[in-house]
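S.K.: Top line first, the protein sequences correspond to chains A and B. The opening residue of the first sequence carries number 1 in the numbering used here; numbering runs sequentially from there. The opening residue of the second sequence carries number 373 in the numbering used here; numbering runs sequentially from there.
A few of these clues could be false.
Over 10 Å on every C-beta distance to chain A, these chain B residues come out as not near it, computed from the model [stated by the list, open to error]: (1) Met373; (2) Ser375; (3) His380; (4) Thr422; (5) Val425; (6) Gly432; (7) Asp594; (8) Asn596; (9) Ser600.
So the derived label-pair ranges between C-beta atoms look like this [what the hints assert, rightly or not]: (10) Leu515(B) - Ala153(A): 27 to 37 Å; (11) Ala625(B) - Ile76(A): 14 to 24 Å; (12) Lys421(B) - Arg363(A): 37 to 47 Å.
Chain A stretches covered by chain B per the calculated footprint, using a threshold of three residues with CB under 8 Å from any CB of chain B [as the list claims (entries may be wrong)]: (13) 55-64; (14) 149-155; (15) 211-225; (16) 299-307; (17) 320-330.
No lab work stands behind these hints: they were computed from the structure. Positions of the beta carbon are idealized from the N, C-alpha and C atoms, including for glycine.
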Amino acid sequence: MDEFFTDYTLRTVALGAGALGIVSGALGSFAVLRKQSLLGDALSHAALPGVALAFILTGTKGQLVLMLGAAIAGWIATLFVGLIIRHTRIKQDSALGLVLSVFFGFGLMLLTFIQQRADASQAGLDRFLFGQAAALLQSDVITMAAVGGVAIALMLIFWKELKLLSFDTDFAVTLGFPVRALDILLTTLLVLAIVVGLQTVGVVLMSAMVVAPAVAARQWTDKLAFMVAGAAGFGAISGVIGAYVSSREPNLPTGPAIVVCVTAFAIFSLAFAPNRGLVWSRVRQWRNAQTLRSSAVLADLLALAQQHAESPHGHSVEVLAAMRPEQGGVSRTLRYLAEKGLASRNHSGEWSLTGAGLEEAKREVTVREECT
Amino acid sequence: MMSDAISHVVLLGIVLSYFVTRDITSPFLILGATLTGLVTVVLVELLNKTRLVKEDAAIGLVFPFLFSIAVILIARYAGDVHLDTDAVLLGELAFAPFNRVELAGIDLGPKALVVMAIILAVSIAFVTIFFKELKLATFDASLASALGFAPVAIHYALMGLVSVTAVGAFDAVGSILVVALMIAPPAAAYLMTDNLSKMIVLSCVFGIVSAVSGYWLAVLLDANIAGSMATTAGLLFFLVLLAAPERGLVSAARRRAGQKQEFAQTMLTIHLLHHENRPEAEAESRTASLHEHLRWDPQFAQQVVVNAERQGLVTRRGPFLLLTDDGRGRAQREMSQ
């Protein structure tokens with residue numbers, strides 16, 4: 001573990017990935033809540049021509065310049081998407097896909113221009129496409145942290161407004177908030193998050209960095225603050241784990257490693273989070289079904305007992321099963337009742353209510369009658 | 373966006389099929405890739421069904437995950453094979469003519485062309501045979517279901533075709549162009565017509581135009597062909613967006629301006645009618661003071677008056693405006709509505 005302190009590259013990459021995780025996780029939460037998950041994907045693809053143009057126009061491969069180009073391109077892409085959605089009957093999904101692919105294709109054209117120039121090597125720009133976390137320098141990480149810090153700060157300053165915007169836009173409008181401006185602000189923050197992450201995980205995988213931490217965090221809480229913090233946490237941890245694993249294993253690119261890790265968090269959260277988790281849902285469902293089934297069988301046993309009040313005797317499983325042909329698992333239910341001490345079996349395999357069972361069955365009848 | 377997801381995910385299918393067949397040119401790769409595309413659709417639907425994840429988030433979660441696995445597999449186990457991620461996104465159309473298919477010693481043409489021709493034939497057959505079902509399932513899935521069609525099956529068949537197309541086009545043009553050509557031409561066609569058959573035909577035409585012009589642009593600028601085609605597809609869409617009759621931005625703006633004028637003229641007639649034969653008529657019907665009383669900016673007011681005169685709704689007498697009979701009739705009609 002002390003490799004984190006001794007290995008410069010690992011430390012740098014881990015810090016960069018961690019920063020990326022925090023920013024994209026936090027801001028991605030808002031995108032996911034507003035059903036704009038794919039905006040992240042679209043923005044990251046659309047950033048490519050911005051990066052290329054920034055290089056063509058300025059001739060430098062300086063981080064900030066390229067990031068600025070990416071941000072501006074992402075911005076223009078959002079404007080186009082908005083224009084298409086507002087003025088035509090084309091839906092958000094198609095508008096995003098259209099702008100994404102066209103901008104990206106245009107970006108590719110520009111990249112091939114760059115390829116032809118004598119002075120250029122595309123390598124620096126390629127890393128925006130696929131991410132080259134391993135090539136991160138300390139200065140890169142500092143820039144990422146700074147830009148990301150600005151985004152997070154703005155998010156905190158406008159926390160209440162953004163919260164309202166995400167959950168109840170109409171109410172925000174009626175309260176007089178400048179909803180359009182806030183929308184633009186949120187998109188800008190998302191653009192910043194994406195621009196920060198592009199070099200680390202690349203265009204294709206950026207969508208996961210925006211979506212997965214938020215999805216994971218959402219399963220554990222209903223409160224926005226906890227969700228945003230949780231998403232930031234999941235993102236950061238995934239970034240660090242991805243960086244670490246990638247540095248230890250040969251031929252394991254960092255970007256994909258981070259994405260696999262954060263998606264694993266999401267899957268785990270979807271399955272096991274208390275309340276919403278699918279596993280617990282199943283368990284709860286099963287328990288409820290079991291309760292219903294045992295109530296039914298209990299009532300049947302009571303009915304049988306009352307019919308044979310003069311000469312009480314037990315009844316076989318088949319009889320009880322025949323009473324409720326549409327319900328299965330009668331013998332299992334009877335065993336369950338036996339475990340709870342409500343029914344018992346005599347030596348010839350016949351079931352009847354115990355004293356406690358009789359009381360419980362009568363109580364349930366009364367409750368049912370009170371309810372109807 | 374599902375097509376975007378599928379076109380990325382086919383890489384995983386190709387990788388896995390490659391591991392099974394150990395042959396990069398095997399047709400089995402197409403099958404594997406298509407299946408992966410379908411698996412993606414299934415996974416997204418499953419996630420969506422849990423209701424814990426909305427559809428857009430599900431897509432954004434599933435495809436990068438599968439793509440990452442593909443990239444990792446390639447890096448670790450297939451590093452020496454020509455299966456690089458660049459090709460996935462970009463393809464290299466320039467080499468397509470050189471990669472030819474031979475059957476019994478006869479040169480059938482470029483592999484890409486043969487493969488895409490077959491896929492085209494299958495697609496045309498599918499769309500033609502199942503036109504009614506596709507139409508209904510697309511516009512009214514519940515009705516389709518109630519009538520006994522199987523919209524889910526149709527959906528998966530369609531997604532399967534999307535996967536096959538993405539894979540087939542892969543080698544030559546990479547995933548991005550597939551997405552661009554699957555969205556931009558149909559979106560442009562959608563802006564031009566309400567009729568589904570016309571839309572499909574128009575979409576094909578736009579697709580062809582984009583591809584051909586994209587190629588010539590690439591030749592002219594010596595640029596990446598696939599990127600160039602995606603760009604022209606986008607430009608074509610943008611042109612249609614502006615210029616489409618009825619739904620285009622230009623015609624919509626014109627329509628709005630026309631409506632604004634009409635409304636203004638009606639307001640003018642009502643205003644004049646309202647003050648006609650009343651003591652303040654003199655003040656209210658001065659041409660020069662209209663902009664004050666109706667809160668119009670002076671240029672606009674001038675325009676409205678000129679147009680109203682041309683339409684025979686008002687006449688000028690000195691500095692005053694008077695309603696004609698036509699004008700009065702219009703005002704009364706509008707007010708009674």
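S.K.: For each hint, tell me whether it holds in the structure or not.
M.R.: Outcome of the hint check:
1. Listed as a non-interface residue, Met373(B) fails to keep its Cβ farther than 10 Å from every Cβ of chain A; the least gap is roughly 5 Å.
2. Listed as a non-interface residue, Ser375(B) fails to keep its Cβ farther than 10 Å from every Cβ of chain A; the least gap is roughly 7 Å.
3. Not every C-beta of chain A lies more than 10 Å from that of His380(B), the closest at about 6 Å, which undercuts listing it as non-interface.
4. Thr422(B), annotated as away from the interface, has a beta carbon of chain A within 10 Å; the closest lies near 6 Å.
5. Taking the minimum C-beta to C-beta distance to chain A, about 6 Å, the non-interface status of Val425(B) is violated against the 10 Å cut.
6. With a minimum CB-CB distance of about 4 Å to chain A, Gly432(B) fails to clear the 10 Å threshold, and the non-interface call is violated.
7. Some Cβ of chain A comes within 10 Å of the Cβ of Asp594(B); the nearest lies about 7 Å off, and the non-interface call is violated.
8. A beta-carbon of chain A is positioned within 10 Å of the beta-carbon of Asn596(B); the least distance is around 4 Å.
9. Against chain A, the non-interface label of Ser600(B) is violated: not every CB pair exceeds 10 Å, the least being about 5 Å.
10. Under the hint 27 to 37 Å, the C-beta atoms of Leu515(B) and Ala153(A), about 51 Å apart, miss the expected range.
11. At about 21 Å, the CB distance of Ala625(B) to Ile76(A) agrees with the hint of 14 to 24 Å.
12. In this structure the supplied range 37 to 47 Å holds for Lys421(B) paired with Arg363(A), their Cβ-Cβ distance being about 39 Å.
13. Check on the region 55-64 of chain A: 0 of its residues sit with their Cβ under 8 Å from a Cβ of chain B, so the three-residue criterion for coverage is violated.
14. Given as covered by chain B, the region 149-155 of chain A fails the check, having 0 residues with a CB less than 8 Å from a CB of that chain where 3 are the minimum.
15. Coverage of the region 211-225 of chain A by chain B holds in this model, with 6 residues showing a Cβ closer than 8 Å to a Cβ of that chain against a need of three.
16. Figure legend: the region 299-307 of chain A, annotated as covered by chain B; annotation inconsistent (0 residues with Cβ-Cβ distances under 8 Å, at least 3 required).
17. Here's how the region 320-330 of chain A fares: 0 of its residues keep a CB closer than 8 Å to some CB of chain B, so the rule of at least three is not met and the hint is violated.
In terms of the numbered hints stated before, the structure departs from hints 1, 2, 3, 4, 5, 6, 7, 8, 9, 10, 13, 14, 16 and 17, listed from lowest to highest.
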